[in-house]
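Novice: Spelled out from the first residue to the last, the chains are:
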Amino acid sequence: MTIQELSNKLNNKEISSVEVTKDYLEKIKGKDEKVHAYITVTEEEALAAANAADEKLASGENVSPLCGVPMSVKDNICTKSIKTTCASKILGNFIPPYSATLWNKLEGAGSVILGKVNLDEFAMGVSTETSYFGVTKNPYDLGRVSGGSSGGSAACVAADMAVYSIGTDTGGSVRQPASYCGVVGVKPTYGRVSRYGLVAYASSLDQAGVLAQNVGDAALVLSEMSGLDSYDSTTVDYAVDYMDDLNKGCKDFTIGVPKEYFENIDNDVKDAIYKALKTYESLGAKIEEFSMDTVKYALPAYYIIGCAEASSNLAMFDGVRYGFRSEDITDLDSLYKKSRSEGFGAEVKRRIMLGTYALSAGYYDAYYKKALKVRTLVSKKFDEAFSKYDVIITPVSPSTAFEIGENENDPVKRYMADICTTPINLAGLPAMSVPCGYDSKNLPIGMQILAKPFNEKAMFRAGAAFEAAADFAKIQPEI
Amino acid sequence: MKVTKEVILHIADLAKLEVTDEECGKLTGEMQSIVDFADQLNKIDTDQIDSMEHITQNVNVLRDDVIKPSFDRDELLANAPQKYAGCYKVPKIVE
Chain B
1 MTIQELSNKL
11 NNKEISSVEV
21 TKDYLEKIKG
31 KDEKVHAYIT
41 VTEEEALAAA
51 NAADEKLASG
61 ENVSPLCGVP
71 MSVKDNICTK
81 SIKTTCASKI
91 LGNFIPPYSA
101 TLWNKLEGAG
111 SVILGKVNLD
121 EFAMGVSTET
131 SYFGVTKNPY
141 DLGRVSGGSS
151 GGSAACVAAD
161 MAVYSIGTDT
171 GGSVRQPASY
181 CGVVGVKPTY
191 GRVSRYGLVA
201 YASSLDQAGV
211 LAQNVGDAAL
221 VLSEMSGLDS
231 YDSTTVDYAV
241 DYMDDLNKGC
251 KDFTIGVPKE
261 YFENIDNDVK
271 DAIYKALKTY
281 ESLGAKIEEF
291 SMDTVKYALP
301 AYYIIGCAEA
311 SSNLAMFDGV
321 RYGFRSEDIT
331 DLDSLYKKSR
341 SEGFGAEVKR
351 RIMLGTYALS
361 AGYYDAYYKK
371 ALKVRTLVSK
381 KFDEAFSKYD
391 VIITPVSPST
401 AFEIGENEND
411 PVKRYMADIC
421 TTPINLAGLP
431 AMSVPCGYDS
441 KNLPIGMQIL
451 AKPFNEKAMF
461 RAGAAFEAAA
471 DFAKIQPEI
Chain V
1 MKVTKEVILH
11 IADLAKLEVT
21 DEECGKLTGE
31 MQSIVDFADQ
41 LNKIDTDQID
51 SMEHITQNVN
61 VLRDDVIKPS
71 FDRDELLANA
81 PQKYAGCYKV
91 PKIVE
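Residue numbers (my numbering), protein chains in the order written: chain B, 1 to 479; chain V, 1 to 95.
Everything labelled a hint here was simulated from the structure, so no lab data went into it.
In this text, all values refer to a predicted model and were calculated from it rather than measured experimentally.
A few of these clues could be false.
[Unchecked claim] Straight-line C-alpha distance at most 25 angstroms; calculated SDA-like pairs for lysine to any residue:
| hint | chain 1 | residue 1 | chain 2 | residue 2 |
| --- | --- | --- | --- | --- |
| 1 | V | Lys92 | B | Lys380 |
| 2 | B | Lys31 | B | Gly134 |
| 3 | B | Lys380 | V | Gln57 |
| 4 | B | Lys251 | B | Lys31 |
| 5 | V | Lys89 | B | Asp328 |
| 6 | B | Lys457 | V | Gln57 |
| 7 | V | Lys83 | B | Ser326 |
The whole structure should be built from the sequences, with the hints applied where relevant.
Specialist: Here it is in C-alpha cells:
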C-alpha cells in the first residue's frame, strides 16, 4: 500500500495504525532473516507511536498524511534514545541524546518508526557489503546486493517491510540502491533538508532523501522534511511546492540527454532508458541529445573531495567521547590509534587514508585543490544545460544489481557504480531514480531525472508523468 | 604519483590509524590504483578556474544570540567509554 492509499484508509477508520504496524512487524519477522535490511527493529517505539497516531486520527484534528504510516530510517540518522550505529563497530552501541531535525519533523507528523536500517559503514560504499552487521540482500535475487549505501532502505521498501524509508545520498547512495531494488529514490537539492543529526560523511555533498514506492509518495515525504533549520546554516527558506503541478504532465518539457552518460553502460540499461525517452516523446516532451564531456572527471573529483571531507569529519571518532574504545592501550596516542584501527572497517580506513593523502602537504594542490576546480567545471556545465532543458535524463548506474562479492578487491571498479550519480552531488542538484524496466534476469533498472537547483517540482512532474504512462509490467520480488 | 610503503605509514600516522605489515602492502597497491585513477584529472586545464568548496550562495548566516538550555551532562556522558567525576576519562597525558 502506498502512503496515500494507507492515509486514506486511516482517515476513513477502515484500519488503525496499530493494526498496520503489527502487520509490518510480522512481515519483518517473516522476511528480514533472508533480506537483512534492519539493524534494529523498534517494536516498542513503533507500537507506542502507532497508538499515539490512532488517538490523533480519532480526535478529528487535521493530521499529516504521514500520521500513522510505518516507515524506517537509515542508521546514520540520529534518532533520540534509539541506537544509531552507522553500521560501524565504532558506533555499535551509540544512543544519540538528540534527534536529527528531519526525524523531529517526521516524528512530529506522526510517523511510526519500525526500525533503523542497514547501510555501508558510514555510508561509504555501493552495496551495503561494508556494513559491520553484514550485507543487505536484494529482494529480487538474494545472491545479489541491494546497492548502497542506503541498501537497507531500498530493500525494506521493495520487500514491503516499510511503506517508505529515509536514506542519505553523498554520491548516489539513495538513487543507486533505489535503482537496484526497483523503488523511487530522491536526493533533493543541497540545502533542502537539514543535515543536523546526520552522521556526516562529506558535509558539502551529503543530503538526506526518500525511498518510496512511487513518485507521489516521495514528493509527499520530502515536503514534510524540507525547510530552513537554524541548526544547519546551509539550509534555505524556499517554497516547498513539489505537490503542486505533480500531475500536470510534461507536454511542454524539453528533456536533455547527455550522450557521455550512456558510454560503458550495459545494453539492457541503455535500452530501458531509450524506451522511456520514447514514452516521454509520446507524452509530447521534446528530447534533445547534447554533450557533457566533464562526466568522466566528476567521479575522481568526487572521491577526492568526499574522502578529504570524510577524513576530517571522522576525526571525531577517537574513543574518548562516545563509541568503541580499545582495551589495548598504553597512552593517549595508542588510545586514538587502536580504537580507530579496531573500530573502523577496511573501506572506511581506505577512504580516510585517501582523504588524508589528498589534504597532506605536497599533495593538497595536486589533488584536493584540483578536484575543487573540476567541481566548478562540472557545476558550470549543468548551469549551461539547464538554461536549455527542464530536466535531464541519464542512467542511474551502469548495470543492474551485481553479485555479492563481485569486484571485492578492486576499489576503482567498485567506484564505477557511482559514475552517473556523483556529478549531481558535486553540483548540488536534485535528482531521482525512477523504475523504468527490468533486465533479462528480471532485475530492476532505474533512470535518473535531474533538475536545476531547487526545481524539485519539475523533477517530480517528469517522474510522475512517466510513472503514469509507463507500459512495462511491474514485477514484485518473490520474498 | 607513486604511493610507497613510507607514504602509507606517514599518512596512517597523520590519520591516527595503525596498519600492520600485511595491511600496508595491500593498502599501497589499492591506494596506488585510486591515485592513478585520480591522476586523470591532470588532463584538464584548470589554470583559470576558481575552486568550489561549497555550492550554496549563503554568506555569513547569522542568528540572534538567545540563551537556550544545553544538553544534560549525564545524558552526554552516558555514551562515554570511560568517565570519572562528570568528565571523560583518558590515560595520563602530563607527567
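Novice: Decide, hint by hint, whether the structure agrees.
Specialist: Hint by hint, here is what the structure shows:
1. Lys92/V - Lys380/B: Not satisfied, since the Cα-Cα distance of roughly 52 angstroms exceeds 25 angstroms.
2. Lys31/B - Gly134/B: Judged against 25 angstroms, a Cα distance of about 16 angstroms means the pair holds.
3. Lys380/B - Gln57/V: holds (14 angstroms)
4. Lys251/B - Lys31/B: violated (42 angstroms)
5. Lys89/V - Asp328/B: holds (15 angstroms)
6. Lys457/B - Gln57/V: holds (21 angstroms)
7. Lys83/V - Ser326/B: holds (15 angstroms)
The structure does not agree with the numbered hints 1, 4 stated previously, though it agrees with the rest.
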